[in-house]
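No gaps in the numbering here: position 41 of the sequence shown is 844 in our numbering, and each next residue is one more.
One thing to keep in mind: the hints can contain errors.
Below are the DMTMM-like pairs computed for lysine to aspartate or glutamate, each with C-alpha atoms no more than 25 angstroms apart in a straight line [as the list claims (entries may be wrong)]:
{"hint": "1", "residue 1": "Lys836", "residue 2": "Glu953"}
{"hint": "2", "residue 1": "Lys926", "residue 2": "Glu871"}
{"hint": "3", "residue 1": "Lys890", "residue 2": "Glu919"}
{"hint": "4", "residue 1": "Lys890", "residue 2": "Glu936"}
{"hint": "5", "residue 1": "Lys874", "residue 2": "Asp834"}
{"hint": "6", "residue 1": "Lys890", "residue 2": "Glu813"}
{"hint": "7", "residue 1": "Lys890", "residue 2": "Glu856"}
{"hint": "8", "residue 1": "Lys890", "residue 2": "Glu811"}
{"hint": "9", "residue 1": "Lys836", "residue 2": "Glu860"}
{"hint": "10", "residue 1": "Lys874", "residue 2": "Glu918"}
{"hint": "11", "residue 1": "Lys928", "residue 2": "Glu942"}
{"hint": "12", "residue 1": "Lys836", "residue 2": "Glu856"}
{"hint": "13", "residue 1": "Lys874", "residue 2": "Glu953"}
{"hint": "14", "residue 1": "Lys890", "residue 2": "Glu918"}
{"hint": "15", "residue 1": "Lys874", "residue 2": "Glu811"}
{"hint": "16", "residue 1": "Lys890", "residue 2": "Glu871"}
{"hint": "17", "residue 1": "Lys874", "residue 2": "Glu860"}
{"hint": "18", "residue 1": "Lys928", "residue 2": "Glu872"}
{"hint": "19", "residue 1": "Lys926", "residue 2": "Glu953"}
{"hint": "20", "residue 1": "Lys926", "residue 2": "Glu852"}
{"hint": "21", "residue 1": "Lys890", "residue 2": "Glu868"}
{"hint": "22", "residue 1": "Lys926", "residue 2": "Glu916"}
It is worth saying that the hints were derived from the structure and are not from the lab.
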Amino acid sequence: MAELIPPEVELLDIGSGAGLPGLVIALARPDLKITLLEPLLRRATMLSEFIAELGLEGRVRVVRERAEEHKQQYRYVTARAVASLTKLLPMAWPLLSPGGVLLAMKGEGAAREVEEAAALLAKLKVRQVEVVETRGYPEAPQPGRVIRIER
804 MAELIPPEVE
814 LLDIGSGAGL
824 PGLVIALARP
834 DLKITLLEPL
844 LRRATMLSEF
854 IAELGLEGRV
864 RVVRERAEEH
874 KQQYRYVTAR
884 AVASLTKLLP
894 MAWPLLSPGG
904 VLLAMKGEGA
914 AREVEEAAAL
924 LAKLKVRQVE
934 VVETRGYPEA
944 PQPGRVIRIE
954 R
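Take these sequences, add in the hints, and give me the full structure.
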C-alpha cells in the first residue's frame with residue numbers, strides 16, 4: 804500500500820489497532836507524517852510504546868479518538884479491517900481534504916464491496932474509485948486489494 808502514497812504527505816490511519824497499516828507504512832516511508840487514530844486506551848498506549856521503541860517520534864503520533872470525533876483533514880486516509888466500505892465511507896469522508904484519497908485494505912471481496920457501496924459513492928460524488936492489487940512482499944501467496952477512492 805505504501806507505493807500508492809505520494810511523497811511527503813500527511814496521512815491518517817483509522818482504527819490503527821496493532822499498527823497495521825500505519826506503522827508498517829511509517830517504517831517503509833520515512834518521508835510521511837502519520838497520525839494513528841485509535842479509540843481504545845490499551846491499543847493507543849501500545850502504539851505509543853511501539854513508536855518510541857522504533858524511534859518514530861516526531862513523524863508518527865497517536866490520537867485516542869473515534870473517527871467521528873476527529874476534526875482534522877488529511878490528504879491520505881488509510882484503513883484496514885475497520886468496517887465494510889458502506890460503513891467506512893461516512894467515517895472517513897469528513898477526514899479527507901478536497902482531492903484527498905482513501906485507501907481501504909480489503910480482501911478478495913473488494914470489488915463486491917465497491918458494487919454494494921455504489922449508491923453511496925454516487926451520493927458523495929467521488930472523483931475516482933478503483934480496486935488496486937498490491938503485494939506486501941514479492942513472495943506473498945496472494946495479492947492484497949486496496950480500494951482507492953479519490954474525493
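Taking the numbered hints from earlier one at a time, note which ones the structure violates and give those numbers from smallest to largest.
The structure conflicts with hints 7, 8, 10, 11 and 20, although it agrees with all the remaining ones.
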